[in-house]
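*Asks:* Here are the chains, one letter per residue:
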Amino acid sequence: MAGIVSCGAYAPRYRLKREKIFTAMGWMNPANRANARGDKAVANFDEDSLTMAVAAGRQALSGLDRAEVGGVYFASTTMPYKERLNAGIICGALGLTDQVRAADFSGGLKAGTSALLAALEGVEAKRLNNLVVCAADCRLGAPASVQEMVFGDAAAAAVVGSENVIAELRGSFSTTHDFVDHYRGQAAVFDRQWEDRWIRDQGYGLMIPEAVRGLLAAAGLDLTAFSKVIYPCRYGAERKRINKLLGITPEMDQSTLLAEIGECGTPQPLVMLAAALEEAQPGDRILVVGFGNGCDAIHLQVTDRIKTGRGGTGLSGSLANKAELDSYEKYLVWRNILPGDLGLRAEEDLWTRWSLLWRNHKAVLGLFGSKCLKCGTVQFPPQRICVNPDCGAVDEMTDYPFADKIGRISSYTGDNLAASYNPPAIYGQVEFEEGGKFLFDFTDCDLDSLAVGQRVGFSFRRKYYDAKRDIVGYFWKAVPLKEVD
Amino acid sequence: MAEGIKNKVAILGMGCTRFGERWESSAEDLMVEAFVECLTDAGIDKKDIQAAYLGSHFDEVNVGKSSLPLSVTLKLPYIPITRTENFCATATEAFRAACYAVAAGAYDIVLALGVEKLKDTGYAGLPGGGALGQTYNMIGAGSTAPGQFAQLATAYAKKYGLPMDRLKQAIAHVSIKSHANATRNPKAHLRKAITEEQVLAAPMIAYPLGLFDCCGVSDGCAAAIVTTPEIARRLKPNQDLIRVKAVQISVSSGEETMFNNWDGAHFEPTRRASRKAYEEAGVTDPRKEISMMEVHDCFSITEFVTYEDLHISPKGGAYEDVMSGFFDLDGQLPCQVDGGLKCYGHPIGASGLRMLYAMYEQLLERVPQERQVKNARLGLTHNLGGTPHQNVVSVAVIGRD
Chain C
1 MAGIVSCGAY APRYRLKREK IFTAMGWMNP ANRANARGDK AVANFDEDSL
51 TMAVAAGRQA LSGLDRAEVG GVYFASTTMP YKERLNAGII CGALGLTDQV
101 RAADFSGGLK AGTSALLAAL EGVEAKRLNN LVVCAADCRL GAPASVQEMV
151 FGDAAAAAVV GSENVIAELR GSFSTTHDFV DHYRGQAAVF DRQWEDRWIR
201 DQGYGLMIPE AVRGLLAAAG LDLTAFSKVI YPCRYGAERK RINKLLGITP
251 EMDQSTLLAE IGECGTPQPL VMLAAALEEA QPGDRILVVG FGNGCDAIHL
301 QVTDRIKTGR GGTGLSGSLA NKAELDSYEK YLVWRNILPG DLGLRAEEDL
351 WTRWSLLWRN HKAVLGLFGS KCLKCGTVQF PPQRICVNPD CGAVDEMTDY
401 PFADKIGRIS SYTGDNLAAS YNPPAIYGQV EFEEGGKFLF DFTDCDLDSL
451 AVGQRVGFSF RRKYYDAKRD IVGYFWKAVP LKEVD
Chain S
486 MAEGIKNKVA ILGMGCTRFG ERWESSAEDL MVEAFVECLT DAGIDKKDIQ
536 AAYLGSHFDE VNVGKSSLPL SVTLKLPYIP ITRTENFCAT ATEAFRAACY
586 AVAAGAYDIV LALGVEKLKD TGYAGLPGGG ALGQTYNMIG AGSTAPGQFA
636 QLATAYAKKY GLPMDRLKQA IAHVSIKSHA NATRNPKAHL RKAITEEQVL
686 AAPMIAYPLG LFDCCGVSDG CAAAIVTTPE IARRLKPNQD LIRVKAVQIS
736 VSSGEETMFN NWDGAHFEPT RRASRKAYEE AGVTDPRKEI SMMEVHDCFS
786 ITEFVTYEDL HISPKGGAYE DVMSGFFDLD GQLPCQVDGG LKCYGHPIGA
836 SGLRMLYAMY EQLLERVPQE RQVKNARLGL THNLGGTPHQ NVVSVAVIGR
886 D
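Chains C and S, in that order, give the protein sequences. At position 207 of the first sequence the residue is numbered 207 (the working numbering), and the sequence of numbers has no breaks. Position in the second sequence (from 1) plus 485 gives the number in the working numbering.
Keep in mind that the hints were calculated from the coordinates and are not lab data. Mixed in with the good hints there might be a few duds.
Straight line, CA to CA, 25 Å or less: simulated DSS-like cross-link-like pairs of lysine-lysine [to be verified]:
{"no.": "1", "chain 1": "S", "residue 1": "491", "chain 2": "S", "residue 2": "761"}
{"no.": "2", "chain 1": "S", "residue 1": "800", "chain 2": "S", "residue 2": "491"}
{"no.": "3", "chain 1": "C", "residue 1": "482", "chain 2": "S", "residue 2": "761"}
{"no.": "4", "chain 1": "C", "residue 1": "405", "chain 2": "S", "residue 2": "560"}
{"no.": "5", "chain 1": "C", "residue 1": "82", "chain 2": "C", "residue 2": "468"}
{"no.": "6", "chain 1": "C", "residue 1": "482", "chain 2": "C", "residue 2": "405"}
{"no.": "7", "chain 1": "S", "residue 1": "560", "chain 2": "S", "residue 2": "550"}
{"no.": "8", "chain 1": "C", "residue 1": "126", "chain 2": "C", "residue 2": "330"}
{"no.": "9", "chain 1": "S", "residue 1": "644", "chain 2": "C", "residue 2": "482"}
So the derived list for chain S, only partly shown, Cβ under 8 Å to chain C, looks like this [stated by the list, open to error]:
{"no.": "10", "residue": "627"}
{"no.": "11", "residue": "628"}
{"no.": "12", "residue": "635"}
{"no.": "13", "residue": "636"}
{"no.": "14", "residue": "685"}
{"no.": "15", "residue": "686"}
{"no.": "16", "residue": "687"}
{"no.": "17", "residue": "690"}
{"no.": "18", "residue": "691"}
{"no.": "19", "residue": "722"}
{"no.": "20", "residue": "736"}
{"no.": "21", "residue": "740"}
{"no.": "22", "residue": "744"}
Ideal placement from N, C-alpha and C gives every residue a C-beta, glycine not left out.
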């Protein structure tokens with residue numbers, strides 16, 4: 001049996017009201033008023049598709065043994081690296097072993113479902129097991145464009161395996177068309193699209209029905225057998241027409257979350273699937289369609305295991321954990337659309353030493369420290385000589401993962417002098433509840449809400465960007481949790 | 486058994502430039518300025534100097550590495566010179582090395598000079614660079630010095646249950662006192678008196694530290710020539726002998742950073758270095774025996790907790806001492822008598838020697854009456870470099886017989 005074992009979904013904390021975008025840029029495109037509704041989920045300045053994929057992947061892996069994971073498939077059209085395996089960085093951040101399969105899926109927006117299918121089929125063929133499929137995108141529309149308004153940032157992940165599956169693979173059907181609705185060339189920053197009517201009528205209008213009908217024919221089923229149909233199409237009128245054509249009732253039609261997140265690209269069908277699985281019942285059939293230069297239609301059937309809760313509540317959790325981004329200009333600076341001046345202090349040239357990173361990759365990517373086998377003291381970064389003054393054992397260390405531990409703030413500050421895209425730069429000493437401590441950058445928080453003693457979790461984030469050499473450096477930051485005691 | 490260097494070394498001469506935004510002066514100019522004063526004070530010829538130590542910290546905007554800048558600038562004739570670097574304790578390290586060279590009997594007359602040119606960076610505050618190592622660039626918080634030290638305040642307030650507004654008031658007094666002292670010192674960088682109102686209304690630099698909680702970023706140079714007490718007495722028969730009573734260094738072991746036994750509200754190396762210094766100097770009750778001191782007030786909160794870490798104020802008792810004026814110029818233990826880092830300024834590699842210069846001048850009663858500490862016998866200096874959780878501390882005691 002091949003299927004989904006667990007899933008996760010992630011929307012960044014910041015939401016920009018589309019009305020704000022229209023207020024700023026509507027003068028240039030008055031027709032965009034029609035899109036000026038709801039929120040656009042916006043990645044924090046230290047997030048990108050890769051960090052969001054890690055966030056969703058960690059949710060999906062929650063409670064599962066990392067040693068059992070067979071690999072990572074990462075789908076995105078906005079990967080930080082063209083050459084350097086992005087999925088490999090995710091493997092490091094998820095704390096996986098080295099002997100795993102990892103691959104990047106890209107090119108078209110259906111890469112999310114293609115990666116999911118590749119994983120399902122690899123498991124079905126008994127060649128692979130427990131793959132983490134992550135999809136995330138952080139697509140940009142030029143200021144005043146429709147895309148700027150409707151796109152949103154998000155990620156989703158699913159662990160695909162053969163045991164304890166909550167939704168089993170029943171079949172699939174794929175099409176491939178070099179039908180160009182949206183595209184970006186090698187050097188493009190912004191999405192470009194052809195006319196809406198063309199995308200709507202010749203794209204979604206023909207290709208979604210083609211894929212759905214193809215799958216139903218192969219399965220010998222009627223659409224009424226399905227509880228949910230998941231497909232991306234933000235055009236309201238067209239969606240109604242497709243639903244009517246195929247017999248998708250309002251109850252079966254899974255929300256695209258356009259008003260809460262936005263059109264999020266490769267993770268779109270997987271985010272919707274995560275939402276569907278939060279509410280699914282045993283026996284439910286779900287039809288998932290990915291769209292973009294063709295379609296993938298995937299037929300899943302929910303098992304009794306759904307009752308274990310492995311469908312997750314990551315999406316509803318993410319949707320609830322939101323803060324309004326109070327400034328459109330801040331969004332522009334965060335995405336480097338508006339080149340804000342960080343000051344001379346930010347212009348120091350700090351090289352990325354790849355050999356140094358390689359030696360430290362478990363600490364940097366996976367937040368691994370060491371635990372002394374002699375006295376049990378855990379410490380970060382990894383040490384050869386135990387820091388416990390009463391121990392001092394040499395080379396008696398084992399790897400110790402900190403990423404999923406809870407910490408407490410022991411001191412903090414909000415620094416207005418430090419170069420930051422979201423000043424003040426907030427950082428402080430964090431003591432892990434189970435031992436160990438480190439000075440972390442904090443993120444996704446406000447200075448006023450912090451207190452010594454407050455609990456924090458940890459999130460994989462962009463640490464720096466070297467614009468001169470086009471290098472993104474990653475590390476972990478502390479994310480204050482709400483409760484204080 | 487090692488017995489330390491108490492009374493084995495005497496200060497023969499000292500020099501110190503005006504600190505400040507010395508746009509007109511290069512690091513080399515500053516070295517010449519301090520050296521000429523120092524050599525004149527010592528009353529010797531340049532050729533009498535047998536060895537030298539150069540302290541400088543930031544390579545990037547300063548004189549560069551090695552001992553060559555000192556040798557070439559001062560035209561020292563092929564003598565042994567070593568560059569010392571140990572964060573903000575850099576100049577005290579140069580001094581310590583010079584003292585050890587004399588105490589060991591290796592040389593008779595040795596120069597220690599510390600210099601820093603900070604105002605060629607183009608921005609306020611200190612440059613970052615790779616000071617904490619390349620690994621730190623990958624995993625360290627994107628911090629600055631004010632933010633690192635500001636955390637002392639949040640941790641201290643929590644530990645002692647001191648409301649932040651009261652702590653802010655106390656550290657404001659720390660700065661007000663240093664400004665008041667600096668108004669009387671023509672060599673100080675910042676020479677304006679300030680009020681509590683001004684301090685509390687100043688822009689926030691790093692919560693909870695405002696502008697007046699942060700010391701000046703300055704250019705400057707300071708120097709000392711040390712020798713044996715016998716030579717000093719022979720060369721200066723009519724002057725009080727200023728002897729070195731103790732120079733101690735303590736360096737974090739990694740415990741504060743990685744082991745869960747540090748409260749974030751004190752400097753462990755200061756506690757250790759000061760204890761060792763008192764031991765070396767034979768001081769048993771520092772609160773009573775130390776006449777005056779210059780401590781490392783890079784930030785007002787640093788000075789505040791340092792009072793406790795030097796075993797002068799009881800733990801949790803700095804607030805009472807500060808508010809009662811204990812450390813004011815007319816208090817029981819005047820502190821920052823020349824304005825401190827806060828107002829005299831803080832060219833990293835020169836500060837330790839600048840502090841010693843302040844104590845030396847006081848002990849020789851060379852300063853005007855209005856800022857003279859009465860009956861000063863023992864002066865203490867304290868440098869702290871790095872961050873609260875990982876640092877280098879020096880404590881020196883010099884005295885008049």
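*Asks:* It remains to establish, for every hint, whether it holds in the given structure.
*Replies:* We went through each hint and held it up to the structure:
1. 491/S x 761/S: Distance of about 12 Å is within 25 Å: holds.
2. 800/S x 491/S: violated, 28 Å
3. 482/C x 761/S: violated, 45 Å
4. 405/C x 560/S: Violated, at about 59 Å.
5. 82/C x 468/C: holds, 16 Å
6. 482/C x 405/C: OK: residue 482/C and residue 405/C at ~16 Å, within 25 Å.
7. 560/S x 550/S: Roughly 17 Å separates the two Cα atoms, so the pair holds.
8. 126/C x 330/C: This hinted pair is violated, its Cα atoms lying about 48 Å apart.
9. 644/S x 482/C: With a Cα-Cα distance of about 22 Å, the restraint between residue 644/S and residue 482/C holds, given a limit of 25 Å.
10. 627: Check passed: Cβ of residue 627/S comes within 5 Å of chain C, closer than 8 Å.
11. 628: holds, 6 Å
12. 635: holds, 4 Å
13. 636: holds, 4 Å
14. 685: violated, 17 Å
15. 686: Nearest chain C Cβ about 16 Å off; hint violated.
16. 687: Because about 12 Å separates residue 687/S from the closest Cβ in chain C, which is outside the 8 Å limit, the hint is violated.
17. 690: For residue 690/S, the interface hint holds, since the closest Cβ of chain C sits about 6 Å away, which is under 8 Å.
18. 691: holds, 4 Å
19. 722: At about 50 Å, which exceeds the 8 Å cut-off, the nearest Cβ of chain C leaves the hint on residue 722/S violated.
20. 736: Cβ of residue 736/S sits 14 Å from chain C, so the hint is violated.
21. 740: holds, 6 Å
22. 744: OK, holds: residue 744/S within 8 Å of chain C, min 5 Å.
Against the hints set out earlier in the document, violations occur for numbers 2, 3, 4, 8, 14, 15, 16, 19 and 20.
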